[in-house]
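Trainee: The primary structure of each chain is shown beneath.
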Amino acid sequence: MEIIEKIKTNKSIDNQTEIQKICLDKLQSSPLPNPRSEQWRLSNKSKLSNFLDYSVNENYSKFDTPYPKNSQSTVRLIIGENCQIKLIEKNYSIQQLSEDELHKYIKEQISFFNQNEHWSDLLNLSLSCKNNILGLKINGSKIPPIEIFSHASSNSLNAKTLIIFLENNCSVDLLQVNLCEDNSSLSQSTFFCLEENSSLNHGVVSYGVNKSNLLNSLNVIQQKNSEYNLGSLHFKFNYARFEIRIKQSEGNAKTNIKGMQITKKDEQISTYTKIDFDGPNGFLDQINKSLADDKSHAIFEGSIIVPKIAQKTDASQLSRNLLLSNLAQIDTKPQLEIIADDVKCKHGATISQLNEEELFYMRTRGITLTEANKLQLSSYFQEIIAFIPVSKDRWDLLDKLLNEN
Amino acid sequence: MQSKMKESDPILEVENLSASTDNLPILKGVSLTVYPGEIHAIMGRNGCGKSTLSKIIAGDPSYNITKGDIKFLGENINSLEPEERSQSGIFLGFQYPIEIPGVSNLEFLRVSTNARRKFLNKEELDTFDFEELVKEKLEIVKMDHAFLSRSVNQGFSGGEKKRNEILQMALLEPKIAILDETDSGLDIDALRIVASGIKKISNAQTGIILITHYQRLLDEIKPNYVHVMSNGQIIKTGESDLALELDKKGYEWTDNFIKET
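Those protein sequences? They're chains A and B, same order as listed.
Under numbering that gives the first Met the number 0, the letters of the first sequence match residues 0 to 404, in that order.
Under numbering that gives the first Met the number 0, the letters of the second sequence match residues 0 to 260, in that order.
Derived by calculation from the structure, the hints in this document are not laboratory data.
In this text, all values refer to a predicted model and were calculated from it rather than measured experimentally.
Be a bit skeptical, because a hint or two may be false.
[What the hints assert, rightly or not] Taking lysine to aspartate or glutamate pairs in the EDC-like style, the calculated list, with each CA pair at most 16 angstroms apart, reads:
no. : chain 1 : residue 1 : chain 2 : residue 2
1   : B       : Lys199    : B       : Glu135
2   : A       : Lys264    : A       : Asp293
3   : A       : Lys253    : A       : Asp277
4   : B       : Lys117    : A       : Asp277
5   : A       : Lys223    : A       : Glu249
6   : A       : Lys373    : B       : Glu106
7   : A       : Lys223    : A       : Glu195
8   : A       : Lys273    : A       : Glu37
9   : B       : Lys160    : A       : Glu357
Looking at chain A on its own, in the form it has when it is part of the complex:
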């Protein structure tokens, strides 16, 4: 693993940024995450090793978007390609963060990083060159929907970083798309800061081809009266790991999460979430769905942390899983850590198979077994897909999923 060797020897390269140097320093003592730690114990070691096997590609490689062409009403950005943006309109503005702003923010974030918990971010920031970091500040109203693409080209490891400040009272729909080509690895780290009264409808759609790998880390800080809605979908990865860390820094904020991962063959896809309530009156409604077929492995680990200061928190976390094969594996662990005494918190997990009674019912109405399966899966997918912004009008996600399952 060339990257780990590089981290161990920590050879300074001329064009390394200060951030890269800080992160490499932090990783030097233990370049890999602790495989016995809670966050990494279920992670497939050989697949993680495969993730790190490729050489780092810092250049932008053109790719064909398999999605609808750019539309006039949507702002489309590709990290690494067109990082220059300055849109100042009557009602809103979308501008790049200055280098100083970026530098200051990332350094501040890194100071809070814990080696195991933020290993993916440390790796990302140690590999992300200037061109592959996109920082934006958005303000105003009637902001057009935004699509942001990250792409990994074949036989290489690509690191992309996205940082967005959503200023006071601003509301935006943003779809983030992570695409991996054959035999590639993508390290994607995303940082959102939602200021007071702002609202973000965030979609994450990640999909690969054969032997694609993804480390996708998402860090969100919500100030009071902000609302963060996340709809996510991960599928077709040899190895993918989606880490979500959300902090309601002063409480009084709303978070809604609906996520889904689909695994087939011998793939492993995992979702880890940590929601911190650092103030009172916080709200969370989370549902995570996994669908595992063949010999694949789907993992969900969620934790909700409610300290004493977070009185009147209302949080719900549900993990619903569908096991389609006897050889597939699902691990799920929703958990609550509650210190505050006046809260309403609940969590739960279910693992089931396609419902035989439903199938027979549909078949007695002339619907073939294949169609009945599709209808069942469609109903399973629908709840999540409907929650992914921007995609629903222009993308054919549901058809795509149904055709591939």
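Position chain B relative to chain A; hints supplied.
Mentor: For chain B alone, coordinates are given in the frame of chain A:
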């Protein structure tokens, strides 16, 4: 009684049918013949095999036919898939209609109807044409249009679920309908609506098998034949007055028939 000469060929012939699930015998030699225009009622204690018979005719893969044949319009259908049986005109109205969250009732009904229409070499209906057809059929069961936009049977009351079953029957226009305890859980008004719907849909070319415990459905829809089942067998067949007698005397009365058998 069923041996009398009929003018047309039977729709359904169940011949000496035995079936099991998980190696447990449930049906032990059931025979039943339904001709066009006939209404048959099957009665019997809980667990006697009534619902199993209906599911086996509809093709439930969780049961194995160990002996005997099921013939539909003269063809043996023992090995046909449930969807093939439905498409060719066999309808099973469920005792407990299944809820399918996330699947719109309208779309479900349209896909089902088109599967049947395709079999009948009729043109498949697009959403607009289907809306017209379904609007007309909703009248039969006095259902509100709003039910179509909800998920299949989800959140429906017991009566609404049964009406949705009859709506499906109206759309699929089956040759034979087996209605498994369609009257259970219905109040008097709902029972009348459902019974009137069944009567409107049935005609001289269709056959109906009503599985029921109660005379009140048979007051609304008078059967030509009543069969009493016990322990996986039909132990007595009579005309509609058999149901009245059963209503008066209870199933203990039928124990004597078992002894005679």
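Trainee: Hints first: check each against the structure and report whether it holds.
Mentor: Status of each hint after checking the structure:
{"no.": "1", "hint": "B:Lys199 to B:Glu135", "in the structure": "holds (13 angstroms)"}
{"no.": "2", "hint": "A:Lys264 to A:Asp293", "in the structure": "holds (5 angstroms)"}
{"no.": "3", "hint": "A:Lys253 to A:Asp277", "in the structure": "holds (13 angstroms)"}
{"no.": "4", "hint": "B:Lys117 to A:Asp277", "in the structure": "violated (60 angstroms)"}
{"no.": "5", "hint": "A:Lys223 to A:Glu249", "in the structure": "holds (6 angstroms)"}
{"no.": "6", "hint": "A:Lys373 to B:Glu106", "in the structure": "holds (13 angstroms)"}
{"no.": "7", "hint": "A:Lys223 to A:Glu195", "in the structure": "holds (5 angstroms)"}
{"no.": "8", "hint": "A:Lys273 to A:Glu37", "in the structure": "holds (12 angstroms)"}
{"no.": "9", "hint": "B:Lys160 to A:Glu357", "in the structure": "holds (15 angstroms)"}
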